[in-house]
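Undergrad: Since the structure of chain A is already known, use the hints to place chains B and C on it.
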Amino acid sequence: MSTPSQFAMFRWLVRRDLTLAWRRRADALSTLFFFVIVVSLFPLSIGPDTQLLRSIASGLVWVAALLASMLSLGRLFAGDYVDGTLEQMLMTPQPLYLIVLGKAFAQWLVSEVPLILITPLVGMQFGWTRSALLLLVVSLVLGIPVFSLIGSIGAALTLGLRGGGILLSLLVLPLYIPALIFGAGAAEASLASGSPEANLYLLGAVLVLTVVFAPWATSAALRISLE
Amino acid sequence: MSLNWYRYASPGKFYPVASKMIPWFATAAAILFIIGLYVGLFLAPRDFQQGEAYRVLFIHVPAAWMGMLLYILMAIYAGIGWAFNARLSSMMASSLSITGAMFTFLSLATGSMWGKPTWGTWWVWDARTTSTLILLFLYIGFVSLQSAIDDPRRADRAGAVLALVGVINVPIIYFSVQWWNTLHQGATIRIVDKPTIAAPMLAAMLIMLAACWLYSIAVVLTRLCCAIIERERGVGWREEALTR
Amino acid sequence: MNWSKFFSMDGYGFYVWGSYVLALVAMCGEVLQVVRRKKTLKRQLQNFSK
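Protein chains in written order, with this note's numbering: chain A, 1 to 227; chain B, 228 to 471; chain C, 472 to 521.
Hints were generated in silico from the structure; no laboratory data involved. Mixed in with the good hints, there may be bad ones.
Stated by the list, open to error - Pairwise CB distance ranges (calculated):
| no. | chain 1 | residue 1 | chain 2 | residue 2 | range |
| --- | --- | --- | --- | --- | --- |
| 1 | B | T409 | A | F7 | 41 to 47 Å |
| 2 | C | F477 | A | L41 | 48 to 54 Å |
| 3 | C | V496 | B | V244 | 28 to 34 Å |
| 4 | C | G500 | B | R234 | 34 to 40 Å |
| 5 | B | K240 | A | L226 | 28 to 34 Å |
| 6 | C | K510 | B | G461 | 17 to 23 Å |
Please read these numbers as outputs of a predicted model, since none were measured by experiment. Think of the CB as a built atom: it goes at the ideal place given N, C-alpha and C, for glycine as much as any other residue.
Just chain A, with the same shape it has in the complex:
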């Protein structure tokens, strides 16, 4: 019996994670609701002045997406860690890099895609134009995978620790800052009649670097946490 190809394993892993996530749909939905609620909290605390809201909207949506994404990180490895599957994954001949990438991808599909889809609705609350909303969505599409991947490093490092979610946030938030700056900047630039392209290119560069290097760091962290 031959070992399956790497791509087959990747596909299997994604499908497995999606199936598991489907069985606990509430978890994914709760991320979505959190996002919507946080975004709605700000007008309540700042006041309904549409000019003011429009000027902070891009940063606001970005921070809310960041927080929602960070909250779902706890679920990335915890389930598999608790029932021992994660240890088994470490022992497969397949590269851990791909496993990490697969899990992060599955989580992106489950938690973050609904978030991205709902952003236009949320953006309408702030009275944005269609082109601005499109830009916001594009920036989120580029930025949220960065959050997932960097976050996976933190999730792997804090596996099984008491301190849990808060410690994870503490570790990971400073590392999120470049993506936040470029992403929110891109969304903002379209409003301020600047050019969003530069920000988007930089965000894209950060994404590429992260996709290449973060899973490697996460694999190292997983081995450290599990030995």
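TA: Positioned in the frame of chain A, the structure of chains B and C alone reads:
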């Protein structure tokens, strides 16, 4: 006869060496602080732009430098400890972390003290101040992670991953913050530059930097000794160490 | 040497002296904490080995 330096990679062997060095570094640091303060506060002239307020820089600049330097050292030691499975190296990284955080905090605080008379506000979101704040967060993350992990070897290695990821990110973070700052240059704040350096000023700055450097070595070595005692309990050399 | 002028630092006295006091407090605090820790650990070792 060549000295076998690897002997000292063992915590037990390094402990007496470290213990003996500490008082020398501490005394040297104290002396240099006194000299530096004398030169900086008495001998250096008034700055023609900032008046006497610039004297804060004699502690602010060394603190900022030490904060950054210690972070890089921390990452290097942690990386070496992880790559070569060298316990002492990892212990050194952990010892560096708190002093580094202290200096970073001090640089932010003294920076505010310098900023109020020169810029008019306690805090300004420019590239350097924001990056230093983020550096403080990185330090806090490292210390929190290590204190949350009970197993010392796991703590060492996890810290190493975090420190290395952090140190690689620092240039990216700095660049992104600078980008953010130049794009959002709202109200123009007159950033008063550092004063044109007169010889006594430069001398004072360098002496204070050296003083902070020696201070760091003394404190970090003391922490290292504490870490060695804590972690190497139950090893035979203890009794010898106690007779010192 | 005009001492009152030295202490007031042209009106910036609070900022200049405040910074140095802050630095002094931070560094002395750190030294005290670390020295005390070392003493405690050595004492524990001695008690333990008795």
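Undergrad: Next step is simple, just say for each hint if it's right about the structure.
TA: Evaluated hints:
Judged by the Cβ atoms, the range 41 to 47 Å given for B/T409 and A/F7 holds: they are separated by roughly 43 Å. For the pair C/F477 and A/L41, the beta carbons lie near 53 Å from each other, so the given range of 48 to 54 Å is met. At about 31 Å, the CB distance of C/V496 to B/V244 agrees with the hint of 28 to 34 Å. A hinted range of 34 to 40 Å holds for the C-beta pair C/G500 and B/R234, which are about 35 Å apart.
At roughly 32 Å, the beta-carbon separation of B/K240 and A/L226 lies within the given 28 to 34 Å, and the hint holds. Hint check: C/K510 to B/G461, Cβ distance near 20 Å, so the stated range 17 to 23 Å holds.
Checked against the numbered hints above, the structure violates none of them.
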